[in-house]
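Novice: For this one, chain S is given, so just place chain L on it according to the hints.
Residue numbers (our numbering), protein chains in the order written: chain S, 1068 to 1485; chain L, 1068 to 1485.
Mixed in with the good hints, there may be bad ones.
When chains are identical, the list treats them as one kind, so a pair holds in a single copy or across two.
SDA-like cross-link-like pairs, simulated, lysine to any residue; straight-line CA separation at most 25 Å [unchecked claim]:
(1) Lys1261 with Glu1140
(2) Lys1069 with Ala1448
(3) Lys1069 with Gly1125
(4) Lys1293 with His1230
(5) Lys1069 with Pro1291
(6) Lys1261 with Ala1180
(7) Lys1261 with Asp1322
(8) Lys1155 with Arg1234
(9) Lys1183 with Ala1117
(10) Lys1183 with Gly1254
(11) Lys1261 with Glu1168
(12) Lys1468 with Asp1358
(13) Lys1475 with Ala1299
(14) Lys1475 with Ile1268
(15) Lys1468 with Ser1363
(16) Lys1069 with Arg1150
(17) Lys1386 with Thr1429
(18) Lys1261 with Asp1115
(19) Lys1263 with Arg1143
(20) Lys1261 with Arg1143
(21) Lys1069 with Ala1117
(22) Lys1183 with Met1260
Calculated directly from the structure, the hints in this document are not laboratory data. None of these values were measured; they are calculated from a predicted model.
Protein chains: 2
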Amino acid sequence: MKTEIIAVGTELLTPDFQDTNSLFLTAGLNAAGIEVAFKSVVGDDSRDLACALRTAIGRADLILCMGGLGPTEDDRTRETLARVLGKKLLFRKEIAARIRERFRRRGLRAPAANLKQSYVIDGAETLDNPNGTAPGLWLAAGRRRIALLPGPPREIRPMFESHVLPRLERRGGATVLRRVIRLTGLGESAMEMKLKPVYAIVPPGVGVTTLASPGDLSIRLTAPVKGPVEAAEARLDRIVRAIDRALGPYIYSRDGSSLEAVVGGLLRSRGLTIACAESCTGGLIASRITDVPGSSAYFLESAVTYGDRSKTRRLGVPKALIERHGAVSAAVARAMAAGIRRTSGAGLGLAVTGVAGPGGGTASKPVGLVYIALARARGTAVTRSLFFGSREDVKFQSSQKALDLVRKSLTPARGKPL
Amino acid sequence: MKTEIIAVGTELLTPDFQDTNSLFLTAGLNAAGIEVAFKSVVGDDSRDLACALRTAIGRADLILCMGGLGPTEDDRTRETLARVLGKKLLFRKEIAARIRERFRRRGLRAPAANLKQSYVIDGAETLDNPNGTAPGLWLAAGRRRIALLPGPPREIRPMFESHVLPRLERRGGATVLRRVIRLTGLGESAMEMKLKPVYAIVPPGVGVTTLASPGDLSIRLTAPVKGPVEAAEARLDRIVRAIDRALGPYIYSRDGSSLEAVVGGLLRSRGLTIACAESCTGGLIASRITDVPGSSAYFLESAVTYGDRSKTRRLGVPKALIERHGAVSAAVARAMAAGIRRTSGAGLGLAVTGVAGPGGGTASKPVGLVYIALARARGTAVTRSLFFGSREDVKFQSSQKALDLVRKSLTPARGKPL
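For reference, chain S alone in the conformation it holds in the complex (with noise of 0.2 Å):
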């Protein structure tokens, strides 16, 4: 079965529109079992439109198309699927009324625009829509199925999870197992290279595939499910134990769960805090650390340092080590790390500083040049990297060895003790 989603909507056609409503139903269909096939976006122009859903009907057998039901006059998701598929729109008195009622309860009419909310196709049954006036369509066209959806976010989740996802249980088809394996602390080709024996084991229909990110990569394997499911799992299993054997201690995560997530539970199940001291991550490895829930049990607080007084101030790094080495130095991280871990009386101590960029290098401390310290109760770990991109880049790639430090710290090494 090929899946295609459809976004509508010009605003998605522009720059710096952040389409989440496709990464979310992807996520659910995944679960599923589904995969997505297609992915297109299309702006408001009915032509267009029609063009993009022509196309989806010839390749796909499941398509979810959100946005345009609004009551705007960009909105003509509707009609342009009737028109597409030669059926009418009806008017529905019941749909009217739940509009209007929605406005009255705010102490409002409802304008004109939004009944044309009230049409639907023919043939179509409509989803509910707790979080806005727009009910979904559910339809057939042959084999074919089709949903309209909201654009909103806050009104797509809920309809999609609770009107669309139980029709497509209800259809059936093959399960696929997933399994998700996160990396950091080596590029793509290594990995790549790492990674040609247990390509070499992979049965077929088993799929793995590698997304590679600035300091982030990771391995998506799928194996459909023909016969028991222990056999697809025993499949997948033999897959995962040949990557951890290529790639072992890059591995931060088998499930997809974030770095900042693993390292709140390694945290958290030793009874453990941390607190950091940040100059060029300026804050981020603080903020991936509290977009944890409940982070406050192991995360005491950090001292973003940007100024160098404020390192002497707050950390108590003296002022002649500063101007000695330099503030983007091992000893200074070294001295950062230990000054947060004692003024805060957290257990960990972990300290970034460096030249995030584009400005501010020199010969001898380029953009990009970073030191992360990671100070313990047995003692303080310094390392130096070199990291190459945008300024965004360098503070996200620091924030990541820096978690992935603390990581390797609380993980026993393979036979010996913590």
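Specialist: Just chain L now, kept in the frame of chain S:
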């Protein structure tokens, strides 16, 4: 002229791959006056890829296709397009020689697989790839132009700027003037209502598109240049003035700049410094401020005082105050802002305390309740907000409101001195 962007790669059909290439290409195309009509994402399967290419050839005049030019089995874009167009693939010795040289420079032998990147579609020009082995391709199919570009961001970006954009500018096509107005502090429906009188005076040809995400709105204006540029500029200026009348207080930038860049500019031009005390935002405000190059000129530090003890120890917030009002209160926000201002020596002290969620809320202090305080020499202002959405939404909207508070504090009210 209709333009389509095709992104090739099965990884792009998974839930968490951020396709930043499309956004980058769209920005470049828009700047050259070219709008994007279609964006498609397709996997490595050669039938699906052929289908996507044929669809694009049937509906677009300019097709930018990225991905699938690598050396692996899954890289099939070259041969699939050749088959769709009915053209031959020709081996080019000089490309093979360059690929071998690239590996030799790194002390390696070129893998046999990379030699498939020496094949060029008959009639195509090659586009040099300084950061990778695969050259891009530029070819004509009738009146259409098709570009095949590599997937990795660090390879496609220089190639697009050096070799694709100049070819597009040579083709000519209508220049389009563009303005981006960014706003915060009101919801999408409220903005739409205030824009009604503006929509009424928009002349034909001028495009007005709105984008909304939690905490951030933007209005994009486009005007095609027919005749003298000044006439198109004047048309846009008239609309911008109307938008200013309708939405003035909510507008933070009129040139697409981020809120943190605008705030940075205001601090710099007034010679003021700022320090932050962040609880629920967890370092996000400092991270955003330091995303702006040169921010060390005005940003001193941030104390991410996640736990109550650190609020007392770092900022001098009296323990009794926290016990009496709770960490999430106007009184504590005020004390945090005054505290960071005093201890850092900054001109402005910005503090945020709230309940980010999903847990931690109570009847009197629900998830999304956030207090923001700004301390200046003349006094401290505190605001109370209730944000909706996920943990990340609450964090982001808090950072938006906090930065906007600083912006408004540094922007003279109409007719009044600062």
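Novice: Each hint should be assessed against the structure and marked as holding or not.
Specialist: These are the hints, each one checked on the structure:
no.	hint	verdict
1	Lys1261 with Glu1140	between (54 Å within a copy, 17 Å between copies)
2	Lys1069 with Ala1448	neither (51 Å within a copy, 56 Å between copies)
3	Lys1069 with Gly1125	both (11 Å within a copy, 21 Å between copies)
4	Lys1293 with His1230	neither (27 Å within a copy, 49 Å between copies)
5	Lys1069 with Pro1291	within (15 Å within a copy, 39 Å between copies)
6	Lys1261 with Ala1180	between (59 Å within a copy, 16 Å between copies)
7	Lys1261 with Asp1322	within (21 Å within a copy, 47 Å between copies)
8	Lys1155 with Arg1234	within (24 Å within a copy, 46 Å between copies)
9	Lys1183 with Ala1117	within (19 Å within a copy, 38 Å between copies)
10	Lys1183 with Gly1254	between (53 Å within a copy, 23 Å between copies)
11	Lys1261 with Glu1168	between (61 Å within a copy, 23 Å between copies)
12	Lys1468 with Asp1358	both (18 Å within a copy, 19 Å between copies)
13	Lys1475 with Ala1299	neither (31 Å within a copy, 59 Å between copies)
14	Lys1475 with Ile1268	neither (29 Å within a copy, 62 Å between copies)
15	Lys1468 with Ser1363	both (22 Å within a copy, 23 Å between copies)
16	Lys1069 with Arg1150	both (23 Å within a copy, 23 Å between copies)
17	Lys1386 with Thr1429	within (21 Å within a copy, 45 Å between copies)
18	Lys1261 with Asp1115	neither (45 Å within a copy, 29 Å between copies)
19	Lys1263 with Arg1143	between (49 Å within a copy, 19 Å between copies)
20	Lys1261 with Arg1143	between (50 Å within a copy, 23 Å between copies)
21	Lys1069 with Ala1117	both (20 Å within a copy, 15 Å between copies)
22	Lys1183 with Met1260	between (57 Å within a copy, 18 Å between copies)
Consistency note: the structure conflicts with the earlier hints numbered 2, 4, 13, 14 and 18.
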